[in-house]
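*Asks:* Sequence:
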Amino acid sequence: MAIDQFESPYFAAIDLGSNSFHMLIARFGEDKIEVVDREKEMVQLARGMQEDGMLSEEAVTRAIDCLKRFAERLRDIPATQIRAVGTKTLRAARNSKALLKAAESTLGAPIQIISGYEEARLVYTGFSHSVSSDGAKRLVIDIGGGSTEFIIGQDYNTKLMESLALGCVSFSQNFIFKHGNVNEKSMKKAYLAACSELEDIRKNYLAEGWNVTYGTSGTMKAVAEILAPEDGGAIITLDSLEKLIDATIKKGEIPSDQVPKLRREVLPAGLAILKAIFHQLKITKIHVADATLKEGLIYDTLGRYSDHDSRNQTVAKLKQQYAVDELQADRVAKTAKVFWKSISPTAANLTGVSRSKILTWASQLHEVGLSISHSGFHHHGYYILRHSDLAGFGRYEQYILANLVRSHRKKLNSINIEGLDDHAYRAFLPLLLCLRLSARLHRRREDLDEYPTLNLENGNYKLHFKDNWLQNNPLTHAGLEQEAAYFKNVGIKLDID
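For the sequence shown, my numbering begins at 451 and goes up steadily by one.
Keep in mind the hints are simulated off the structure, nothing from the lab.
Be a bit skeptical, because a hint or two may be false.
What the hints assert, rightly or not - Here are the in silico distance ranges between beta carbons for each label pair: (1) R544 <-> G702: 28 to 36 Å; (2) P528 <-> H758: 16 to 24 Å; (3) R544 <-> K860: 28 to 36 Å; (4) T796 <-> G659: 51 to 59 Å; (5) K861 <-> L925: 13 to 21 Å.
Since we're looking at a predicted model, the values are computed, not measured.
Glycine residues also receive a C-beta, built at the ideal position from the N, C-alpha and C atoms.
The task is simple: from the sequences and hints, build the whole structure.
*Replies:* Structure (structure tokens):
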């Protein structure tokens, strides 16, 4: 990659975690990345999660205030070079959409909610670029405020990835604070709950095996710093950890003044989780690494400017897994892109989604459900894309992709595209028009001799064919007229001549 292909040499990554919000600024130049600035605030979003699943007003205020401070540092960085993601708490909160809207307005950049699987992938991406590639199998563990990610990988490639509901903030609320703060009973309850969660992955991870274990989270770093006199500050041993837990129970709090107050309040739960991880996965020593999700976001963003977009690799794997007809997928994608090129200048934007890319991926995957059912393959395709772990895709991107595939054939009405606000709905329909017309035109699974033109004039779409093409292809003509009738149901006028 050349530096002149970017608007700015600076990239930013923002991690809206359940415990802390992180911002990292990096500069790209001469094929290398240099971190130039970091900022972290312990917003403790998970602590604001109420019993009804809503985030409290106080938590929302803390989040927005933090992002206002972050936004000052981001002013000179193009929005396309800023990646912001939300994790466990924002995945779970019932009012996360309202918070995201305000947060995006504050930051001036889109925010993606990512799955636990994607969180794990990004953690490993950041980690793998910070250590040498020596061929060793590594177990990487990232304890967050609401979840913990476990990844076994080798060099830059992952083998196993999981995200479990083990978080130092959520465990503090559910076990430590509910059972008399830090004492033997509360710590034991937290430990046993963590052991129970780990049962889901224990067998598979031990069977896969690894050579060395790394910890990448703030919890890991804080524990390592406390244990520096015993372990040197760069590792955590089981023996030292258990001594620290005993001392914490005896004192009723973390026996160290060097840990910030907010971290000190949730760290006992982190110790209980960490002890369960050591025991269940038979670990004796964890090395502490610096790079994590934020660095992963930077590298993943750079990959999107090159041939290493992880989403392209995901689409390729899906096509192979579900035996998609590659030639037909390419035909539909090529024609859809021709149509999109002619109407895109007047189409509304989809926040945080590359419209041309999402149309291409939907075209390539429009038959992903065909191996399951011929008559209802669009519904099966929707289910596959909506509920699979898709590396590189945010939840909203995945939602748009799945709905394009579900809506690409059969009857069309607004109910088929539920869950989109008015702006997103208006932005979605032109993409769907391009996909549906392309799929219709390639029903015979053949290439086109020449492409018709699709134009937007006075708010109406017009699909124009040369000479006597429509008369010579009466079945396709009838199908296109049916499309015009379908789109009329959703407020779009399509003329065909």
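*Asks:* Under the constraints set out in the numbered hints, which ones does this structure not fulfil?
*Replies:* The structure breaks none of the hints.
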